[in-house]
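Following the hints, complete the assembly by docking chain H onto the known chain D.
Spelled out, the chains give:
2 protein chains.
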Amino acid sequence: MRFKLIIAYDGTRFAGWQVQKNGSAIQPLIQKALETVLRHPLDLTGSGRTDAGVHARGQTAHFDTEVSVDPKRLALSLNALLPPDIRILEIEPVASDFHARYSARSKIYHYHLSLEPDPFTLLYRHPVYGSFDLELLKAGAKEFIGTHDFTSFVNTGQDKSAVRTIYRIDIVEQKGGIRLEFEGNGFLYKMVRNITGALLDIAAGKLKPEDIKTILAARDRRRASASAPAKGLFLFQVNY
Amino acid sequence: MRFKLIIAYDGTRFAGWQVQKNGSAIQPLIQKALETVLRHPLDLTGSGRTDAGVHARGQTAHFDTEVSVDPKRLALSLNALLPPDIRILEIEPVASDFHARYSARSKIYHYHLSLEPDPFTLLYRHPVYGSFDLELLKAGAKEFIGTHDFTSFVNTGQDKSAVRTIYRIDIVEQKGGIRLEFEGNGFLYKMVRNITGALLDIAAGKLKPEDIKTILAARDRRRASASAPAKGLFLFQVNY
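Here the protein sequences come in this chain order: D and H.
Following my numbering from start to finish, the first sequence increments by one per residue and tops out at 240.
Following my numbering from start to finish, the second sequence increments by one per residue and tops out at 1240.
Pulled out of the complex, with its shape left as it was, chain D reads as follows (with noise of 0.2 Å):
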């Protein structure tokens, strides 16, 4: 039987999802915790890695067991086992033919700026100071929508191809801020970040909305803005 899980995690204190030659990654303790209730051992399977201090409110994963499960007992069980910063939202058995990375359809991320001082976000916002034209940001936002060679805004190492498909960069108002939605047909590596960095260069006017087509066609990396910081990223949601 197959079975898929929703995962939330705050990212602050891990070296990411998947095992990091450095620090303590998020998969294997879920992978461990589901060996001890079941009594065997096993392989997890995320949708994708998430970066060393990036969070999730909807990572999703499968494994499979022959041991009969009730999925609410064993979530209780895995949060009992795991610390506090992760905890299981969800089970659910699936077709035998279900794959957490492959059989995704879209993937949701959310970049969230806060643009007021407040003491309660910082490990989960970065702080935007100086200008800050949200006119400007919705322009720049709409070059990225489409499908896209993202070489430019990829790290290296990576796929062969860097082709892929913005469905939606939704800009929404939030208390203290704003919030970046971005859904896609896959993300690479530091993609959602790179490509908040340019949007935060337009927005503070260092940028043009219109450079985003040249800078896309350069298909260089050094060509474009920084990456923005981990800690403003949450994979937010993968849909089947």
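In short, the hints are calculated from the structure, not lab data.
A few of these clues could be false.
Unchecked claim - Straight-line Cα separation of at most 20 Å, DMTMM-like style, residue types lysine to aspartate or glutamate; simulated pairs:
#1 Lys175/D <-> Asp1085/H
#2 Lys175/D <-> Glu1090/H
#3 Lys1142/H <-> Glu1066/H
#4 Lys231/D <-> Asp1118/H
#5 Lys160/D <-> Glu173/D
#6 Lys1072/H <-> Glu1092/H
#7 Lys1072/H <-> Glu90/D
#8 Lys1231/H <-> Asp1220/H
#9 Lys1175/H <-> Asp201/D
#10 Lys175/D <-> Asp1220/H
#11 Lys231/D <-> Asp1085/H
#12 Lys1175/H <-> Glu90/D
#13 Lys231/D <-> Glu90/D
Below, chain H alone, put in the same frame as chain D:
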């Protein structure tokens, strides 16, 4: 000239508002920053103390200076000197007889409970497990409203009189939990946390709403429930 400050802080790493024997406090940090900017010694008087680990969205304080001050610029200068978990939200000139403590008409405290697993509010909400009856909680809250001798809900070593008036205790549902809003003419040491502790026992069915009358009449701290943890408590607003 007298000025009033509105201050927000994350209390997690502080020993409280006022100087303590152990650990760092918030009031001396702000006072020192003011002295650095204005270049003279001064006294910063708060609306009252908050305990170790208690947060504030709207602590208030006042100080006097003969230096000509632009309130907005002063707030920016202070925020540049202060750590990011303490933020000066507002500074305004007030009448010379304004007093942050004695002029206060009412104080509003919020206590946040989380009823769903959430890795992102571990430092700001008290998680409630097990049975939780919202209707019982509401009935219990009503027992505290009005003028009472709160001796049973105050930790020792305090004012002579524990008679205070609570104007309202509103129970507000919010995403993932609830918020208790307390407004009163003054709250004594640990009073909000002690009342919240009793309300949690009532919601869990360990105590009946009508038991509060007996406990109040006993005027004995040992008769009441344990204190709710500091991390869920926010000094939300001081009204003048």
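Verification of the supplied hints:
no.	hint	in the structure
1	Lys175/D <-> Asp1085/H	18 Å, holds
2	Lys175/D <-> Glu1090/H	17 Å, holds
3	Lys1142/H <-> Glu1066/H	48 Å, violated
4	Lys231/D <-> Asp1118/H	17 Å, holds
5	Lys160/D <-> Glu173/D	36 Å, violated
6	Lys1072/H <-> Glu1092/H	9 Å, holds
7	Lys1072/H <-> Glu90/D	47 Å, violated
8	Lys1231/H <-> Asp1220/H	25 Å, violated
9	Lys1175/H <-> Asp201/D	33 Å, violated
10	Lys175/D <-> Asp1220/H	42 Å, violated
11	Lys231/D <-> Asp1085/H	16 Å, holds
12	Lys1175/H <-> Glu90/D	17 Å, holds
13	Lys231/D <-> Glu90/D	24 Å, violated
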